[in-house]
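Undergrad: When you get a sec, could you build the whole thing from the sequences and use the hints?
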Amino acid sequence: MIALKLTLLLDEALGEAIDVPSALEAAQRAAQSVCEQLGLPALPTLSLERAKLPYRLAALRLEETLCRHADSLESQLFSAQRHALYAPHHKAEIAAWLREQPERLAPFLGAFVEAVLSQNAALLLTEPIAAAYRDQLPEALMDYPIERLRQILVPLLALRVSLRAHELIAAALQEDSDELSEALFAALRPKRLPIRCSEATLRALTENATEEEQALFSLMHNGLFEELGVQLPSLAFVVDDSLAFNQFRLHLNDLPSLVWQGLNADQVLVNGTVEQLSACGVPAQPAYTAVNGRLVALAHRADAEAIRAEGFYVWTPFGHLVLQVSALLRQHSALFMCQRLAQRALEQIEIAFPALAEAVRTRLSAAMLARLLRALLAEQVGLRNMRAICEALVTYDYIVVPPDQIAFDDRLQVSVPLPLEAGLLAFVRKRLSLQLTQQAARERTPIPVYLLTPELEQAIAEAPEQACQRLLTALREQLAQRPELTPIVLCASDKRAALRALIGLELPQVRVLAYQELVPEVALQPIARL
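Quick note: this note's numbering has the sequence shown finishing at residue 530, numbered continuously throughout.
Read the hints as simulated data drawn from the structure, not as lab findings. Worth double-checking, as some hints may not be accurate.
The following label-pair restraints were derived from C-beta to C-beta distances [said to hold, decoys possible]:
#, residue 1, residue 2, range
1, Glu100, Ala3, 33 to 41 Å
2, Thr45, Phe237, 53 to 61 Å
3, Gln405, Glu49, 45 to 53 Å
4, Gln405, Phe237, 55 to 63 Å
5, Phe353, Leu295, 38 to 46 Å
Straight-line distance between alpha carbons at most 30 Å, and here's what the computed DSS-like set of lysine-lysine pairs gives [as the list claims (entries may be wrong)]:
#, residue 1, residue 2
6, Lys52, Lys91
7, Lys5, Lys91
8, Lys5, Lys52
Glycine included, every Cβ here is placed at the ideal spot set by N, Cα and C.
TA: Okay, here's the thing in structure tokens:
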């Protein structure tokens, strides 16, 4: 086992009364669990440091790299540990709750470390750990180049795929083709995803569910296929008595999601506000949906029929579970796109447009097509219009235009030429402008957008790491002022991917669009210039 240095940074708001040994033990146990699930010969060693963290209570450093995680993570952990439905909470509120009973901190930090390492799994394969992993493979691979091994295996870890299948991986490495990562991902990715809960939870859930409710998972699969255009893995309940009653977690490939709290048997979730239900004479409490974090209402199940009669949609405990699973599968659909599914999508196009499919095959490998489709899914861009996607791939062209000018040209406009895959992705998104515009305008028009100052755009291009914190700070301030808005940032086509990479992990709810990705007729409402 190779030592893996982890440093847990804790904010001053947590106070001084911290049981350091218990906190480190829980965090180390969680880190070891992630490494074991991924099949890595690593032995995490943790230390704890005090820090001043402006927006968070905790952060994790892996060797010398600060791991990134979503701003909402601590609220999600806080809600689950209190056996409550998810709701956003301020840092001070969470810190006060943890200070009340110091023994709460150890499980909180254990869950935190597990979640952050799962999100940053690609960072775990350091050179020493890669060398130790190579030593576990057959002797014929003992001289396999470490850097080449990391190039192949790191993308698998980024997709939350375990490296425990030594024989399969060793056989693939001996072939040494150019697209080994994608071939291995297609072979290794799980075909079934467990939904974990306790035996008592599963019994209560299934005993109270009607036949119509039990059919909801099939309807969910069909609905997600219609929306996303990708066949998702099947699901299966797995008993896990380490989870509290009425708590669940879904495996996303080989690593589990965060734990979430389900509805009690006497509760329903309603797609209306507390004020709307109060006007109908129905008592309710505020709650948040898993789909978009919008404020909805939590009501008594006894009032369900009266609520439906007023025209509201009602989720029972089983329906709420399906809603949560659906939101996770949609959010992480990119994790399931492999070259086999990409080839299958192309075969469907070939039925009606054989010449188009052949042109795509001539221009792109199956692995490259899979990566492009995965990149679309990563930002919730569905693949239903595969014809438009394929046409864009075979007609891709670009024109170099200075950043202070606009060209009336159907080609992709960039200030500097992009690498091939980046250019193809940007051009596909441009061709899907109607779809992207409809998604952006789903909640309101004019579409509220944030713009970037020319200085910030230039800083992102020249020094992205320095510009990142400035941009995140500006966005956080805006989101705090206008929490009701779905945040969209507009920028130039050749800056969009880099900008999304800078903010996507911390603020996954923020959508980044290029000007060319919106149809010209759409009305925009600039909210602020960052």
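Undergrad: Next step is simple, just say for each hint if it's right about the structure.
TA: How the hints compare with the structure:
1. Separation of Glu100 from Ala3 is about 35 Å and conforms to the stated range, judged on CB atoms against 33 to 41 Å.
2. Between Thr45 and Phe237 the C-beta distance comes to about 36 Å, which lies outside the given range of 53 to 61 Å.
3. A beta carbon spacing of about 49 Å between Gln405 and Glu49 agrees with the range 45 to 53 Å that was offered as a hint.
4. As the Cβ distance of Gln405 to Phe237 is approximately 58 Å, the hint placing it in 55 to 63 Å holds.
5. The beta-carbon spacing between Phe353 and Leu295, approximately 44 Å, falls within the hinted interval of 38 to 46 Å.
6. A C-alpha spacing of about 13 Å is found between Lys52 and Lys91, which places the hinted pair at or below 30 Å, so the restraint holds.
7. With a C-alpha separation of about 27 Å, the suggested pair Lys5 and Lys91 falls inside the 30 Å cut-off, and the hint holds.
8. For the given pair, Lys5 sits about 21 Å from Lys52 by alpha-carbon distance, which is consistent with the 30 Å threshold.
Checked against the numbered hints given earlier, this structure breaks only hint 2.
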